[in-house]
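J.: Listed below are the residues making up each chain.
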Amino acid sequence: MKVKKARADTIKKQHFSLKLMWKQRYLLCMSVPFVIWLIIFKYLPLWGWTMAFQDVRPSTFALSIWDREFIGFANFTKAFSDRLFTQTLINTLGTSILGIALGTFSAIFFAVLLNELRFIRFKKITQTISYLPHFVSWVIVASIAKMFLNAGGVLDTIAGTKLNLMSTNSMLIWVVICFVNIWKEVGWDAIIYLSAMAGIDQGLYEAAKVDGANRFQRMWHITLPGIKPTAIVLLIMSIGGALNVGMERQMLLSNGIIQDHTMVLSWFAYIRGIGNNNYGVGTAIGMFQSVVGITLLLIANKIAGWLGESRLV
Amino acid sequence: MRSSVRHRKNGVTAFDFILVFFFLLIIITTVYPFLNVLAISFNDPTDTMRNVNFIVPRVFTLSNYRYIFTEKDLMSPFIMSVARTVIGTLTGVICTSMVAYVLSRKDFYFNRFFTLLFVITMYVGGGLIPDYLLITRTLGLGNNFAVYIIPGLVGVFNIILIRSFMEGIPISLQEAAMIDGANDFYIWMRIIMPLCTPVIATVALFCAVGAWNSFMDTYLYARKLPTLQYVLYEIMEQATIKIDPHSANAEQLKNAVSPLSVRMAITIIATVPILVVYPFLQKYFVGGMTLGAVKD
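So the sequence lines, in the order shown, correspond to chains A and B. The first sequence: position 25 = 25 (the numbering used here), numbered continuously. The second sequence: position 244 = 244 (the numbering used here), numbered continuously.
No lab work stands behind these hints, which were simulated from the structure alone. Just so we're clear, the structure is a prediction, and the values are computed from it rather than from any experiment. Where is the CB? At the ideal position from N, CA and C, for every residue including glycine. Careful, some of the hints might be misleading.
Derived list of chain A stretches under chain B, where covered just means 3 residues or more per stretch with a C-beta under 8 Å from a C-beta of chain B [to be verified]:
| hint | stretch |
| --- | --- |
| 1 | 26-35 |
| 2 | 149-160 |
| 3 | 269-279 |
The following label-pair restraints were derived from C-beta to C-beta distances [said to hold, decoys possible]:
| hint | chain 1 | residue 1 | chain 2 | residue 2 | range |
| --- | --- | --- | --- | --- | --- |
| 4 | A | Val291 | B | Pro194 | 43 to 51 Å |
| 5 | A | Asn255 | B | Ile28 | 40 to 48 Å |
| 6 | B | Gly140 | A | Ser17 | 54 to 62 Å |
| 7 | B | Pro170 | A | Thr60 | 56 to 64 Å |
| 8 | A | Thr60 | B | Leu275 | 27 to 35 Å |
| 9 | B | Tyr186 | A | Val291 | 15 to 23 Å |
| 10 | B | Ser172 | A | Ile40 | 47 to 55 Å |
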């Protein structure tokens, strides 16, 4: 707070004048085009939320907003009463909660153990290899995953039986997708915890050693509390994004048999909005997702505040 | 446990071996799938059908690669992928760093207002349908190469990354140039940019990997301009359609390359560029990632 004030004082308060604008003409030329770009590509779609309250079809899209028919919350009612909606919402929450829980756990587990590895070279190599899959696209990962998980794939061959990992129309696919995601991201997600660990005072470990704490006790009482603030911030952020399960991953890892359990809100919005040419309903689903997401974020942030932890906003 | 630690202060305990074993297992889990795909792509398709679990080609062949480059016309998707990656990275880096420079200038009248405008978009967005309608209907960019470049021109996260780096450069350098009569554009291009090489490299790699791996924009907006990723997706979707052995004649059967082998060959081709830049990624990405994470 103090720093901010001091900084504000050093910059002279400028008043708007044509002379100042002329002086900063290069800066204006370098930024205004991108602000226009920003308004078109990021703010116009927000204006598009008005479509959620209108009946918008491909034929009426070209009309101006005032000429379209306002239908109140009918699009929302229609979306919520859709036969796929409940299952889709459950899938979205299930997939993401499972992903947050197992993903966070495995990243922390990975980071804590890697931090304990004493052979520096081996540690480096392990880390380098572990985040390779992060840089590979979802299409490639899906291609590899299907090779492994499909009937007659590598895992079936190893197990010697049909595991039906990609052809059981049940919650099993949530777990499968979750593990594919962990395979892709665990090394990358661990980086942030490793850098948090690097910031832990080494003196604490020395003191604990002198007091006779063994390695597990040091991990439990020093390393884990040391990364707790980081973990909380990341958890808050992921709870805020709990409904934003990307359509890309879900669609690529899906197939006709398991689609009932891989369908998530964003994909559903695409199918209803663009597949069925009902832009209003599609926008309504997307808007529902955003509004609930922001609400969840604020709630999680508040709870973190009550618990006396670092808050995000 | 306690006594063993005391006896060998820097000694290696059983736990260290368990750790090494654990991480060896992780390494194998990570690398094995890639080796498996590589082996299948170089293996005879008919032989592959027998058993898919191997990491050394049993019957070595180049026919899968020959097939995709001659029969499947993979050349134009490949060029499309390269073009969007190169152009997207160049424009992305130039535009992002330009905005970042302006927003790093505390004396700029609109500094706080523009920064706010950019940052807000990190938290709220219109969503899939409004984006889709804007690009395909309002702007008419569907199946236009520009759709690969313009919507992703400037990344807000990257702006923040570059800006915080630029704020670390001594202001006296700029002041000296200004006294010499240099304009702001010149200062950005000739003084600031050369000093920002590390962060520019990071952002360039961010852009390049993102562009190369991008699939959804082709899927949503430009199916007539397929990239490698999209072709791979299409083949994955077709994988369930198989040649009926009863209706196909012997010649057809002989020439039919199994979709699996073709898919694996394309998977390899789409992965190789990532592996080529991986050493650089390693060096710059990780630094950039933690730089962004600890900015506040």
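J.: With reference to the structure, classify each hint as holding or not holding.
T.: The hints, checked one at a time:
1. 26-35: holds (count 8)
2. 149-160: Result for this restraint: holds, n = 5.
3. 269-279: As far as the stretch 269-279 of chain A goes, the hint holds, because 5 residues have Cβ atoms under 8 Å from chain B.
4. A:Val291 - B:Pro194: 43 to 51 Å: holds, 46 Å
5. A:Asn255 - B:Ile28: 40 to 48 Å: violated, 28 Å
6. B:Gly140 - A:Ser17: 54 to 62 Å: violated, 40 Å
7. B:Pro170 - A:Thr60: 56 to 64 Å: holds, 58 Å
8. A:Thr60 - B:Leu275: 27 to 35 Å: Violated: the Cβ-Cβ distance is about 49 Å, outside 27 to 35 Å.
9. B:Tyr186 - A:Val291: 15 to 23 Å: violated, 46 Å
10. B:Ser172 - A:Ile40: 47 to 55 Å: About 38 Å separates the Cβ atoms of Ser172 of chain B and Ile40 of chain A, which means 47 to 55 Å is violated.
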